[in-house]
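A.B. asks: From first to last, the protein sequence lines stand for chains A and B. Residue 1 is where the first sequence starts when you use this note's numbering, and the numbers rise one by one after that. Residue 1 is where the second sequence starts when you use this note's numbering, and the numbers rise one by one after that.
Just so you know, the hints here were simulated from the structure itself, not pulled from any lab data. Some clues are possibly wrong.
To be verified - With a cut-off of at most 16 Å between alpha-carbon atoms, the simulated EDC-like pairs for lysine to aspartate or glutamate come out as follows: (1) B:LYS111 with A:GLU475; (2) B:LYS446 with B:GLU661; (3) A:LYS352 with A:ASP338; (4) B:LYS230 with B:GLU190; (5) B:LYS111 with A:ASP462; (6) B:LYS590 with B:ASP621; (7) B:LYS688 with B:GLU107; (8) B:LYS786 with B:ASP242; (9) B:LYS763 with A:ASP462; (10) A:LYS243 with B:ASP927; (11) B:LYS111 with A:ASP423; (12) B:LYS99 with B:GLU116; (13) A:LYS100 with B:ASP621; (14) A:LYS243 with B:GLU980; (15) B:LYS406 with A:ASP462; (16) B:LYS983 with A:GLU238; (17) B:LYS688 with A:ASP462; (18) A:LYS100 with B:ASP927; (19) B:LYS406 with A:GLU475.
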Amino acid sequence: MHCRRFLTQPQTRRAMLQTCASGFGTVALSSLLNEPAFGAEAISASEKNPFAARMPHFDAKAMSVIFLYMDGGVSQVDSFDPKPRLDAENGKPFAMKIEKTQFNNIGNTLASPWKFNKYGESGIPVSDLFPHVAQHVDKLAVVRSLTSQFPEHTNANYFLHTGNGQQGRPSMGAWVGYGLGTECQDLPGFIVLNGGLTPPGGADNFNSGFLPASFQASVLGASDPPVANIKRMESTAESQQRKLDLMRRLDRKLLEQTGPVDALESAIANYELAARMQMAVPKLMDLSNETESTQKAYGLQADFANTRTFGRICLLARRLVERGVRFIELTCPGGNGDRWDQHHGLKDGHQKNALTVDQPIGALLADLAQRGLLDSTLVVWAGEFGRTPFAQGSDGRDHNPFAFSIWMAGGGIKGGTIYGQTDEYGYKCVENRLEMHDLHATMLHLLGVDHTKQTFRFSGRDMRLTDVFGHVVKEILA
Amino acid sequence: MTMLKPRRLLLLIGVAALIAWPRERADSQESPTFDAASVEFFQTKVKPLLEARCFECHGPEAKKLKGGLSLASRADALRGGDSGAAIVPGKPGESLLVKAINYVDFEMPPKSRLPEGEVAILTEWVKRGAPWSTGKDDPARDLKPDTFPLAERKAKHWAWKPIAHVEATAVKRADWPADDIDQFVLAKLEERGLSPAATTDRRTLLRRVYFALNGLPPTPAEAAEFVADKAPTREALARVVDRLLDSPHFGERWARHWLDLVRYAETLGHEFDYPLAHAHQYRDYVIRALNADVPYDRFVVEHVAGDLLREGETGRGGEREKNKTQQSAASLPLSLSPPLPLSRLHPTDGYNESLLATGFWFLGEDKHAPVDAKAEQAARIDNQLDVFSKTFLGLTVACARCHDHKFDAIRTSDYYALAGFLQSSRRQTAYLDPHGKIDAAVAELKRSRSEQTSNSKIAKTRDVPEGTKLFEDFTATSFVDLQHPSASPESRERIADNSPLTTHHSPLPHRWFATGWAFGDGPNRHGVVHSGELAPRLRGVLRSPTFTITHPQILYRLAGQNARVRLILDGYQMMDFSGLLFNGTTFEVKTDGKWVWHRQAGDLQNHLGRRAYIELIDDGDGWIACESIWFSNGGREPVGQASSLSEIESLDRQAGSLSHEIPEPMRAVAICDGNAVNEHVFIRGSHKNLGPEVGRRNLEALDGIDQPIVDHEAGSGRLQLALRLIDAKSNPFVPRVAVNRVWHHLFGRGIVESVDNFGVLGKEPTHPELLDHLAESFVADGWSLKRLIRRIVLTNAWQQSSEPQSPELAKKAHDVDPQNLWLHRAPIHRLESEAIRDSMLLIAGRLDRKSFGPSVPVHLTPFMQGRGRPGNSGPLDGDGRRSIYTSVNRNFLSPMMLAFDTPIPFTTIGRRNVSNVPAQALILMNDPFVLDMSKHWAERSLKEQPEVTPEQRIERLYLDAFTRSPTAAEQAEALAFLHEQAKSYSLPADAWSRNAQVWTDLCHVLFNVKEFVFVK
C-alpha cells in the first residue's frame, strides 16, 4: 500500500460514483482500495473530497513532513548552541539585561552540564546529550536563531503549531492537508503520534481551526486501539460487513431518489474511507514484520522504557511516510521530569528527555536515508521556545523566547549548515533572527506551497498560516 | 497641574522643546546647513549604511513603508513614523533609531543586529545633529496624514446604507406567493427563468419543521396526526409551528445557535483549562429569553449593558438601585418598549434576568501567569470586541486593532473607542436574589437596626468631622485630608515614605462601586466601610476606582474575618487559580477582631505603571472593615487612629437572630461598571507604543466622530452604546444581521452568506430587497424572533420540496442555479451534532427533557488527555440530557460534537462548517454511545410492541427514525438482513423476531443510513 509515487490516471470522485451508480452497494470495498488519487479538479473542490491530492504551487522537494515536537522547550545552550562564556562566568550574576520571565526567579549564569564536540565533515558542535543525532549532523541544518513571541507554553505552542498565539487557528498539518491533500487514501493526511504527553493548549494544537474539520489531525496514541472508534464493536468482521452492506443499499435508494447531492455523496464516500482506516490502522501498528535489527536500532529493546515508546512512534512515523501520509507529528513521552521544561533539575531532566529521543531519532534519520525516503521527507526538530542561559533558582532554566535552536533535515534542506547566531550567552539573536512565520514559510516552500498564496477566507480576511509575515529561509535550502 | 514640583515642570518644558524643534524645522521645509566635513561624513559613511540596512523597508523605493517610517530625507526621519520621530538631532539617547539599532524598544534591522562599527557610525551621526546633504536625488516621500477614506467606503458598500422600504415586485405566477417573502423569492427565480419546486409532502415537511424549530424529530404519533389533519397544509402547519414555538425545546434549539456566536464555554482554556464558574447561568438565560421571545433589541441591550438597567417591575431592589449608575436615557431615541431602562426579572424566581446576559463578555479564554499582563488584557479585549462586533453588527472591528481596517469603513480609533468601554468595565461574580428574600431580610435588618441605634447612646454622641468620612457614599475625596487633618509634624515625618493612594496631585475619581448587600449604603459614621454591620451573612464586594500603580507596595488599614482582598491589575483575575507572577495581589483577611495594617507587596513591584483597582470581598459568613488604603515605598505604616470595633460587634450580636435566615445568593458571571477610562490607540497594535487617547463612542461610520453619548465621567457608558446600537434608523446592521441569521438557520444559507461579516470581504446579499423588507418588518413587529421564524416557515418558499418538479426543470436549475442561491428548491442539509445526538436519545427512549441547571460533565474517553483534564468523566449518555446541557470544557470538547462540526469556542461562528470526516462515520459505526442507543431503541420497540410482526416493527423503526414508512424494497432488504444476522447468531428460525441483538443490529444500521442525519 505504498500510495505515493505510483500515481495512475486520476479518477474523479464524481466519475467514480457514477460508475458505481448501477451497483453501488455491491461494490466491494477493495475496489476503492486500489484507487490511487483523486483528480486534479479536487484543487477547486476540496470540500467534496478533502483528501484528494492536490497540485503544489511549484516543484516540491518534500512530500511528507515529520515534525519531532520537543514539548516544553529544549535548552539551546545545552544542545546545539555552545557558549564558552557561560562556563567562564558560571555562578556569577548574569551580565546582560534580563527580560521578565515566566517564573521571575532569576538565578546566576549557569554553565551547561554537557560538553560539546564537533561532528561530521561540517564540524557542527553538538552536546553530549545527543550522541546519536550527532552522527547525522551533515544531514542537518541547525537554526540557532528561531524566536517566539510568547514566553508561556500554551501561547507558544499555539504559535509554533498554528502561527498564532491564541486558540482556534488551524495547525500547520491542517494547512498542509488543506493545500496538498494526501496521497494516502486510507489514512488521514495529518497524524499525530502521541508519545504520551498532550502539550499545553491541548488538542487545539492539532486542530483544523476554521478550516474544514477534514483537515484536523488524527491522534494515534500508544494505547490499543490507538485511536477512538477504530475498532469494530461487532463480534465478527462479517457481522459488521453485513451491516455496512445493508447501509449502502439503503443509502443508494436515497441517492436514487434525490439525485446527485454533493453532501450526500460525500457522506457516503466518507464511510469508505472510514472502513479503509479501520483496516489500515491495525496493519500500520503491527510492527512484527520489521526486522530485528530495525527494531533494535530504533531502541525498541532499550532499557529505558521511554526510549522504547519514542522508538516505536519514530518507526511508525517512517511507516506513515511510506504510506504517503502528508504530515506526521510526534509528541514526547511523559515521566522525564516535566517534559523538556526543566525549571529545576536541568541535568536530570534534560538527560532523560535526550535519552528518550536521541537514539530513535538517529535511527529514523538513518532508516529514512537508507530507504531513499529522506530526500522527500522533511524532518523538523523543534520545541516551542528555548531556555534561559541564566539559572532559574539554582539548577533550572526558565523559558526563553528570544532565541532557540532547532534543526531541519531531509527534503530540500542543505545539510551541514548552521544558520543564525546568538549573543555570547545564547540569550538573544544577533544575526539572522527568525520568526515562527519564517519557519512555517520555509516548511511550506519545501512542500511546494507558496505561503502567501495558500489562503482561506475567514472572519473577513484571507487567512494564512503565516498571517501577513514570513520569509522563506533560502540559506538553508539545498 | 498646580501642584507639580518645579523641577519636574522644568523637565517637561525641556522635553517639549526638544520635540518641537525638529518638527518646526521639518514643517517649514528649512534644513539647517551643515559644514562640509559633516556632509561628507553623511555621504561617505552614513548614507551607504542607510541604503544597505534600512532602505528596503524605509527607503524611497520601499514597496511598503514599514511602520510608516521613511528615512529617505532628513525631514522624513524627523517627522518619523507611527511611533514618532526617528531621530532627535544631537540626542542619540532619545532617538528611536539609535535605540532600535541597539535593540532597545525596537529591534532594527529585524534579522540581525548591526556590527558595532556601524552602530557607532549612526550614533555619531545623530550626535552630530544628523547632518544631511541636500540634493535632488533624495526627495522626501509624500506622507499624507489621514488619508483613510471612511466616507467613501461607507458610501460605496451596500451594508452601511439605511434599511430601505421596498415593495415586492410583481410576479407572473401571482397565485404562488403566500407572503411577501414568497413574492421576493419568486421574482428572483422568474428573473432567471426558474420556478419553485412543489410543496413537499407532509411527512418531509413535518420532519423539517421539527428539526428547524426544536432540533428533534417528530414522533410517529405526531406525524400521524399531522398527516391526518384535514385542514389545508398551511393551516395545519401553522398549528404545529405554534406548538413548536411554545415548546421549551425551541429555546434549547435556538440557544445553541446563539452560543456559537458568543464562543460559549464553561472553562477558560489555556494551559490548565480552569473553570469559568456559573457560566451555565448565561446559557439558561439565553434559553429562557428565546422561549419568552424577548424582543431582540432588548436582548442586545441586555447583552451589552444588562447590568446598568434599573431594576424593574416589582419595585424591590431599591436597596441596590442607589448604588447603580443612574443613566439619564430620556433624551435618547428609544425604540424599546416599555420605557427603558428597566431590567427584566426571572418569571418565577424574581431575580434580575438582564444582568445574566452580560456574562457573554467573559466567555472567552483566559490565561494564568502572563509575563506581560497588559498584552494579555489586550488579547482579551481583542476577543471581546471581535465577538461583540461580529455577533451584533456583522462587522470585523477587531481587524482594526493594528491599523485602519483594510477594507471596511472602520478606523483604528474606532477599535480603541470601543476598547474604552471595556477598560471602564470589570468582570464580576454577580449576586442574584431569587424571590427577593435577601432584599427583604436587609430591609428588615435596617428597620431593626435603626430602632436600635436610635435607642443607643453612641449614635447621637459623635459628630465626626467631614474629612474623616473616607468612603461616604463610596465617594472618597482625598485620603490626605481624610486621614490626618491634624497630624503633628512628627507623625508626618514618620510617614514621609508613604504616599496616599489618592491625592490632589492625581485627582482620582470619586467613586467606589458596591455590589451585593454587605456594604450597606456606604461607610459608617467613622468613615469606615464595613461589610458586617448589617449582618455577617450578607455578601458583597466593594470596588475602587481604577488607578495607576505608582509604588511597590500598598498598605491597608483593615479588620475582618473570612474575607478577601484582590488587587486587579490590567483586568487580571486568574490569581484565584495561580499566584505565579501575581503573588500577594490577593490575600485573606483574618485579623481576629483587631485592626491591622496589611502590607501588600509580593510581585506588586513588577507591576508599576499598570492600571488597577481594588476589591474588598465579603463572599462568606464573615466581614471586612477598611479604614484607609495607602501607597508605600516600604517605609513604616502611617500613624492612624483605629475605630473601635466593639460597637459594631455588639450590634452584630443583636442582629444575629435575623441574619441566619438570609439565604445564599445565586451567582453568575457578569460585567459591572468601573469609572470612565479611555483607551489610547496602540500603534501597530502594540500596547507598548501608545498613540492618542480616544474617547468612548460608537463606530464613527455609524454615529459620526462627535458623539455626546459617553462624555460623562460617571461610568463606562455601555448603556448609551447599547441604545445607539439598536437605533435601527442610524444603524442598519443590528436588524439586518439578526434576520439574516434566522434566514441562515432556516434555509441553510443566509441571504448574506457570510453571516458574521457584512463587510466588503463578506458576501453580497442574494436578495437585498428581501433582506431590507425582513429587517424593516422585524423592527416594526417589535423585534420578535418567534414571529419572524413563524412567518418564514409558513412561506411557500420554505415549504418547497427538495426535488425540482421535473427532470427538465432539474436540468435547467442545475445549469442556472447549481448552488440553489435562488431557492428553486429546499436545501438538503446534514443535521448538527447536537440534533443527531438528541435524536438518538429521543428515539431510544432515553431523552431526559429536563431544562436548565448546572451542566452534566462531559464524558471523557481515554483519548482526551492533557493538562486540566477533569478528575471525573461524565456519563456516556450525558444523563440523557439534551446536548446543550453537556459541559463545554474548552480543552476537552466532546469528540462527537467536534466531529460533526460544533465549533471550537474561540470566536463568533454564525455559520458552522459542514465537513465530512471519517471520524463521523467511525463514531456512528463504532462509538459505544451509538451502540448503546441502538440497543435501547431495539429494546424499547420490543417492550412497547411485543406482539407485532417483524414487518410491522421495521415500519415502526422507520417511522421513528425517518418519519416515513419503508418502501417494499427497503422492507425486503431489512428482513433479509435480520434473517442473516439471526443465522449468524445461530438463532432458531422462530426465535429471532423477538431477539434484542438482531434488532439492535438493524437499529444500528438505521442510525448509519444517511437519511438519519440529513434533512430534506
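A.B. asks: Between LYS763 (chain B) and ASP462 (chain A), is the straight-line Cα distance small enough, at 16 Å or below?
C.D. replies: Roughly 13 Å between the alpha carbons, so the hint for LYS763 (chain B) and ASP462 (chain A) holds.
A.B. asks: For the pair supplied as a hint, LYS983 (chain B) and GLU238 (chain A), is the alpha-carbon distance within the 16 Å limit?
C.D. replies: holds (12 Å)
A.B. asks: Would the pair LYS111 (chain B) and ASP462 (chain A) pass a check requiring their Cα atoms to be no farther apart than 16 Å?
C.D. replies: Answer violated: LYS111 (chain B) to ASP462 (chain A) is near 26 Å, above 16 Å.
A.B. asks: Hint check: LYS100 (chain A) vs ASP621 (chain B), CA-CA at most 16 Å. Holds or violated?
C.D. replies: violated (39 Å)
A.B. asks: When you check the alpha-carbon spacing of LYS406 (chain B) and GLU475 (chain A), does it fall within 16 Å?
C.D. replies: violated (33 Å)
A.B. asks: Could you grab the alpha-carbon distance between LYS590 (chain B) and ASP621 (chain B) and see if it respects the 16 Å cut-off?
C.D. replies: holds (12 Å)
A.B. asks: Checking one constraint from the list: CA of LYS230 (chain B) to CA of GLU190 (chain B), max 16 Å. Satisfied?
C.D. replies: Given that 16 Å is the threshold and the Cα spacing comes to 32 Å, the pair is violated.
A.B. asks: Measure nothing beyond the straight line between the CA atoms of LYS243 (chain A) and ASP927 (chain B); if it is 16 Å or shorter, mark the hint as holding.
C.D. replies: holds (15 Å)
A.B. asks: Checking one constraint from the list: CA of LYS111 (chain B) to CA of GLU475 (chain A), max 16 Å. Satisfied?
C.D. replies: Holds, at about 13 Å.
A.B. asks: Are the Cα positions of LYS688 (chain B) and GLU107 (chain B) separated by 16 Å at most?
C.D. replies: Measuring from Cα to Cα gives roughly 14 Å; hence the hint holds.
A.B. asks: Starting from LYS688 (chain B), check that the Cα of ASP462 (chain A) is at most 16 Å away, please.
C.D. replies: violated (28 Å)
A.B. asks: Within 16 Å, alpha carbon to alpha carbon, are LYS99 (chain B) and GLU116 (chain B)?
C.D. replies: holds (13 Å)
In summary, the structure is inconsistent with hints 4, 5, 13, 17, 18, 19 from the numbered list given earlier, while agreeing with the others.
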